[in-house]
Structures are given as C-alpha cells and as structure tokens.
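*Asks:* Turn these sequences into a full structure, and let the hints steer you where they fit.
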Amino acid sequence: MTEEEKEPKTQYGIVNFERRRSPRFSVDLPIEYSCVDSSGKSTGRTGNASVGGLMLFLGEDLKVGREVRIKIFFPSESQLDSIEVLAEVVWTEIAFGKEKDHRCGVRFIHIATEDLTKLKTFLDRLSTIRPSFRVPPNLQQEFKP
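Using the numbering used here, the letters of the sequence shown correspond one by one to residues 41 to 185.
Don't read these hints as lab results, they were simulated from the structure. A few of these clues could be false.
BS3-like, lysine-lysine: derived pairs with alpha carbons at most 25 Å apart [claimed, not checked]:
1) K111 x K160
2) K81 x K158
3) K158 x K111
4) K81 x K111
Pairwise CB distance ranges, derived in the manner of DEER restraints [what the hints assert, rightly or not]:
5) S79 x S167: 15 to 21 Å
6) E154 x E133: 16 to 22 Å
7) Q119 x S79: 15 to 21 Å
Even for Gly, the Cβ is constructed at its ideal location relative to N, Cα and C.
*Replies:* Encoded structure:
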C-alpha cells in the first residue's frame with residue numbers, strides 16, 4: 041500500500057437540511073378546495089399534514105404561487121369535523137407518472153385560531169399513536185437488558 045492509500049479519505053456528500061418548521065404526519069384526509077381566482081370547487085386528499093401546511097393529491101396541476109381555499113375533513117371524537125384554511129402552493133409535480141394525478145405542497149397563509157386549535161389537537165392525537173412492537177421469541181435473548 042502506498043503512502044497515499046494509507047491516508048484517510050475525506051468523504052463528500054450533499055446534505056439535505058429539513059426546511060419545514062413543523063413535523064409532518066402522514067395522513068389521508070378528504071378535502072374540498074377552490075382557487076381564490078375561481079368559483080368552482082374540486083376535491084382531493086391529503087398525503088401529509090402539519091400545523092404549517094399540507095401535501096395534497098389533486099386531479100389538476102396548480103401553479104406555484106396560486107392561492108387556494110381548502111376545507112379539510114377529519115374525525116373528531118364521534119363526529120366528522122372540518123377546518124378551513126387559505127394556503128399558497130409552494131411546489132407541484134405529477135404523482136406516480138400519471139398525467140391526471142398531481143401532488144402539491146401548500147403552506148398556510150391564514151387559519152382561524154379555532155381551526156388551528158382543532159388541527160393541533162388532531163395532530164397531537166396522531167403523534168401519540170404508536171404501533172405495537174413485539175420482539176420475536178427467537179430474538180428476545182438479544183434484547184434483554
């Protein structure tokens with residue numbers, strides 16, 4: 041081995057820093073939305089949600105910068121509840137290579153205090169749900185303290 045080969049090699053890579061301010065929760069919820077500059081309503085689904093925005097699955101391509109009014113439906117105790125937000129599209133792409141399936145990310149521009157409280161409560165409940173995990177019997181010895 042040459043002297044050059046013995047020297048430690050510096051590794052370079054790309055660091056992807058998370059830009060989100062709030063944790064996202066993977067959640068599939070029905071939505072109704074309309075563009076601020078349009079009177080028609082359409083439907084879609086959420087892919088994930090946070091207190092600052094949503095990832096949406098829609099049947100149309102919304103342009104970045106477009107403002108949309110969104111009504112999100114979610115279960116609350118024994119009833120169906122909803123909140124309304126005004127949001128801005130911050131990114132968009134075709135989902136799964138299908139022309140009629142689009143994904144977009146939106147950030148909230150305005151959400152009423154009462155609706156923000158409802159959303160936080162819903163997301164807090166999601167954060168406390170933990171999948172049950174059992175160690176298989178053949179591995180239990182390895183996991184004993």
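*Asks:* Each hint: holds or not?
*Replies:* Checked hints:
1. The suggested pairing of K111 with K160 holds, with an alpha-carbon distance near 16 Å, which does not exceed 25 Å.
2. Restraint check: the Cα-Cα separation between K81 and K158 comes to about 23 Å, which is no more than 25 Å; the hinted pair holds.
3. Restraint check for K158 and K111: the C-alpha separation of about 13 Å stays at or below 25 Å, so the hint holds.
4. Between K81 and K111 the alpha-carbon distance is near 10 Å, which keeps this suggested pair within the 25 Å criterion.
5. One distance hint, 15 to 21 Å for the beta-carbon pair S79 and S167, is violated here, with the actual separation near 37 Å.
6. For the pair E154 and E133, the supplied restraint of 16 to 22 Å is violated, since their beta-carbon distance comes to about 33 Å.
7. Restraint check, Q119 to S79: a C-beta distance of roughly 29 Å breaks the suggested window 15 to 21 Å.
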